[in-house]
Each structure stands twice: as C-alpha cells, then as structure tokens.
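Student: Start from the sequences, fold in the hints, and give me the full structure.
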Amino acid sequence: MAFTDKTGGSGRVMTNPTSGGLSYDQHEEDSKIAQRQADKWLITGTAFMGTLVFGFIGLPIFLRGLYLQRKATQDGMSVRPIMVTLIGYLVILDAFINSIGWGLDLMANHSLLNRVFFTAWGNYADNGYFWEYNSLFIGGTSAPGEKGWEIACIFVVFPMRIAAGIAFLQMKRWGHQWLIVTCWMGVVIWVGYVVNITMYADIRFDGTILPVVGWWAFDIFYITPFLAIPYLHTVNREIFAD
Amino acid sequence: MSKNTTAADSEVDQELPPGTTPAFARMHKWLKRFIIVCLFGLVIEGAFTVPVLAVWYGAPTLSLTEICDEFMKVRWNDEKAECKYPHPIDGPPFGGPGEGTGRTTAKTEWGVQPKSNLDRIGFRELVRNKEEREAREKAKAQAGAK
Amino acid sequence: MNAPLNKQDRDRKRALIVLQLTIYGFLLSMFILQLVWSFQRGWWN
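Chains as they are written, first to last, in our numbering: chain A, 1 to 242; chain B, 1 to 146; chain C, 1 to 45.
Check before you lean on any hint, since a few could be wrong.
[Said to hold, decoys possible] Dumping the calculated DSSO-like pairs for lysine-lysine here, alpha-carbon to alpha-carbon at most 30 Å:
(1) B:K138 to B:K73
(2) A:K172 to C:K7
(3) A:K172 to B:K115
(4) B:K115 to A:K147
(5) B:K29 to A:K40
(6) A:K147 to B:K84
(7) B:K73 to A:K147
(8) C:K13 to A:K172
[Said to hold, decoys possible] Quick list of the computed label-pair ranges, beta carbon to beta carbon:
(9) A:A47 to B:F34: 19 to 25 Å
(10) A:R36 to C:I32: 43 to 49 Å
(11) C:L21 to B:P97: 45 to 51 Å
(12) A:V156 to B:T101: 29 to 35 Å
(13) C:L5 to A:G148: 39 to 45 Å
(14) A:K32 to B:K84: 20 to 26 Å
(15) C:V36 to B:F34: 26 to 32 Å
(16) B:K29 to C:D11: 20 to 26 Å
(17) B:W110 to C:L33: 21 to 27 Å
(18) C:N45 to B:P97: 31 to 37 Å
[As the list claims (entries may be wrong)] Just some of the chain A residues that point at chain B, by a computed CB distance under 8 Å:
(19) L52
(20) V53
(21) G55
(22) P81
(23) T119
(24) W131
(25) E132
(26) L136
(27) W178
(28) I180
(29) D206
(30) I209
(31) T224
(32) Y231
(33) T234
(34) I239
If you are wondering where the hints come from, they were derived from the structure by calculation, not from laboratory data. Note that beta-carbon positions come from the ideal geometry of N, C-alpha and C, so glycine has one too.
Tutor: Right, dumping it as structure tokens:
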C-alpha cells in the first residue's frame, strides 16, 4: 500500500532516524494487522447486511469494524482512509443487495418465498411486481422494461462495481478508476430506470398501498453512487497505488 | 494532484484524512455524513421489510402458501385461482405457459400503457378475504345439502 | 477549506455541484410528476 507518509499526523508514530528502516517495517506490519482486523469485522458486517433480513446483526458488526478503522487512523497507523472504507463497502453492499433481489426475481421466481414476498413488496410499493407476476416465459415481474434493466445490472454493472469496489478497498489505482466508471453507470441506470417507471406509471403505482411515496422512500437509499462520485473525483489520486 | 503545503497549512492538514485536500475537506465531511445516513437507511428498511410485509398480509394467521393463494385470487380477480405449491416443473421459468395464460378474469386494461385496475390490499385484508370466502362456501354447502 | 483553490480545483468543485443539482433535480422532478399523477389518476383511492 502506497500512502503519503503521515509525518506529524497525530504525532504518535515514533521514527528514530538511526534505526528508521526497522521502525518503518514494524509500522507497516502493525498497520497491516490493524487494517486486517478492521476488515474482518467490516466484511462480516457487510455480508450480513447484504442479506437484508439479517441487517440488524450486520450493522453493529460493521460499525465495530469502522470504529477499529478509525482507532487505527488515530493511532497513527497507515491504514485506509475512512471515506475509502465507507464508500468501498457501501457500494459493494448496494450492488449486492440489488443483485440478490433481482437475481431472485430472475431465477427463483417460482419459489414460494418469491411468490409471497416479492409480490407482497409489489403490492406495497411497486405494482409491477404484483401484477401479472410470473406471466412472462421466464417468470418474475412482467413490468415493461424491467427484465432489460435486471439483466444489464446483474450481469454487467453490479459485478463490475463489486470488483472495482474490492480493488478500491485495496487502494489500487484501477479500483479507484473503475469505481468512477461504474458509479457513472449508476447515474445511467437511475435515469433510465426512473424514466421507465414513469412511462409505465399506471402499471407501477396504481393498486399499491403507498403509491409513489412507498417506492421512493424505499429506493432513495440506493443513491450511494451519486454520493461516491464527488469523492472519487476529488480525492488525491496518489493515495492509490498502481 | 500533489499537495503543496505551507507551514500554516500543515496544522490543518494534520486533521485531514489521507487523500483529502483542504479544498475538498468540507465536501468530504458532508458526503461522509450522507453516506452514513444511506447505510443506516438501507439496513433498517431492509431488516423491517420482510416482517412488516408478512404481518400486513396475514402472517402468522395465514401460512405462506395461503398468503400466496390469496394473492393469486386478488391478482387474477378469480376465487378459483390457486397457488400451486410446489410450483410445477413445467411452469416459468422452466418453460411452459406463463401464469396468465388462459385466464380471462383479470381486470387489466391492455394497451401501450396497461392499467392493472387492481385495488390495494389493506391491513390483514387477506385474512378477512379468506374467512369471508370460507363462510360463504360453508353456507352454500349447507344450503346445497338441504 | 482555508487554502486558496487553484483554478482546476475550483472548476472541479463547480462541475460536481452542478452534477449533484442536476441529478437530484431530475429525481425530484420525476417524483413530483409521479406524485401529481397519483392524485390526478386516482391511485390513492
């Protein structure tokens, strides 16, 4: 990991000029251990949150990982910046939840759980998932245009985003670059998807418990790419190694 | 973008995380806050969705299969529509006709922009639907038996 | 925050703010449009 050396920082990193090399290696070693420890909690937390239903277990675990990350930073360790951690994991989480959700609609639409909970959600917020469910030859939602977005996202954008997110968390230059690319893809997705549901608004919102409001209240939290883009464009690129 | 820091700036820089230059420090601070809000929002709504939906649509009074069944009756506007469990192997997505094939009871107005004409399902309305239907069928059966 | 912004940083910041305003403006307008329709077309009934 190539970091701009934090001289001063919190002033707690001891570097004896005469034995500078040894202290530096030790510092690197300690930093790696601290980072790995934080990542264990972060990954576990994200994995639970990715299942959606076990989110309540995942969040405290993730927050502990974040706390460890912050503590390592304050102790003067050369660890990943908090923002990189947050954005990296959240983008991966976002892509994961969507992939699982739409993956189920694509491939598990004949299951009882799908036929109950997807259509239940459909009746609450998005009638496109209730009306004519499983009427297509591949099943799942019959909402016009929906399958196109599902395939493009699950098989192109989200895998790319997850790969870029992981490399970003590893402080790789290509991770940073490709996360920019895939977050901009997110802009395209949001625009296209929202216009599509507006075109077919009757079929998407009529017959729902909370028309319009239900969908937006649920989906607004998936704007993570929009929040990542400004950071990705203004972060000092040199903290990312080739 | 390399940082050109003066002695005065290095005081402020010490508090800045790596990668964040003073020019964008405030932007990054607010982005971090919004991202954390999104994280909490995602997790909380995700965790609540399944239980709330389950209770709204009749669980645990109705089993999952019964809920699925009631959904079918509402969706196709047909009291005889059933939720086959387990799902037949010759139905979508494994091939075979879609769920709507041969059904003429739905209230959909077809056109370039279809209208479903479905009514929203109220709180535990599926339970009431089932009970009313069973009461009706029992009454009919008794009347028929006489 | 305290350091003077060079031109590139200033332009970058402005462009990013424009992006945020545009994208959230778009989302908001779609939301308002759908909300208006919801009342006009009777989805709440």
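Student: Quickly compare the C-alpha distance for K115 of chain B and K147 of chain A to 30 Å and report which way the hint goes.
Tutor: This hinted pair holds, its Cα atoms lying about 19 Å apart.
Student: When the nearest CB of chain B is found for D206 of chain A, is that gap smaller than 8 Å?
Tutor: holds (6 Å)
Student: Return the status of the interface hint for L52 of chain A: holds when the least beta-carbon distance to chain B is below 8 Å, violated otherwise.
Tutor: holds (4 Å)
Student: Given W131 of chain A as an interface hint, is its Cβ closer than 8 Å to any Cβ of chain B?
Tutor: holds (4 Å)
Student: Please check whether L21 of chain C and P97 of chain B have a Cβ separation lying inside 45 to 51 Å.
Tutor: holds (49 Å)
Student: Hint T234 of chain A vs chain B: min CB-CB distance below 8 Å?
Tutor: holds (4 Å)
Student: Can the hint on L136 of chain A be confirmed by a CB-to-CB distance to chain B that is less than 8 Å?
Tutor: With a closest approach of 6 Å, the L136 of chain A hint holds.
Student: A range of 43 to 49 Å was offered for this pair. Does it hold for the Cβ distance of R36 of chain A and I32 of chain C?
Tutor: With a Cβ separation near 47 Å, R36 of chain A and I32 of chain C satisfy 43 to 49 Å, so the hint holds.
Student: Regarding the hint that W178 of chain A lies at the interface with chain B, is the smallest CB-CB distance below 8 Å?
Tutor: It is violated, given that the least Cβ distance between W178 of chain A and chain B is near 17 Å, above 8 Å.
Student: Are L5 of chain C and G148 of chain A spaced within 39 to 45 Å by their CB atoms?
Tutor: holds (43 Å)
Student: Would you check whether I239 of chain A satisfies its interface hint, that is, whether its CB is within less than 8 Å of any CB in chain B?
Tutor: holds (4 Å)
Student: Less than 8 Å between beta-carbons is the criterion; does I209 of chain A satisfy it with respect to chain B?
Tutor: Since the shortest Cβ distance to chain B is 5 Å, the answer is holds.
Consistency note: the structure conflicts with the earlier hints numbered 3, 14, 27 and 28.
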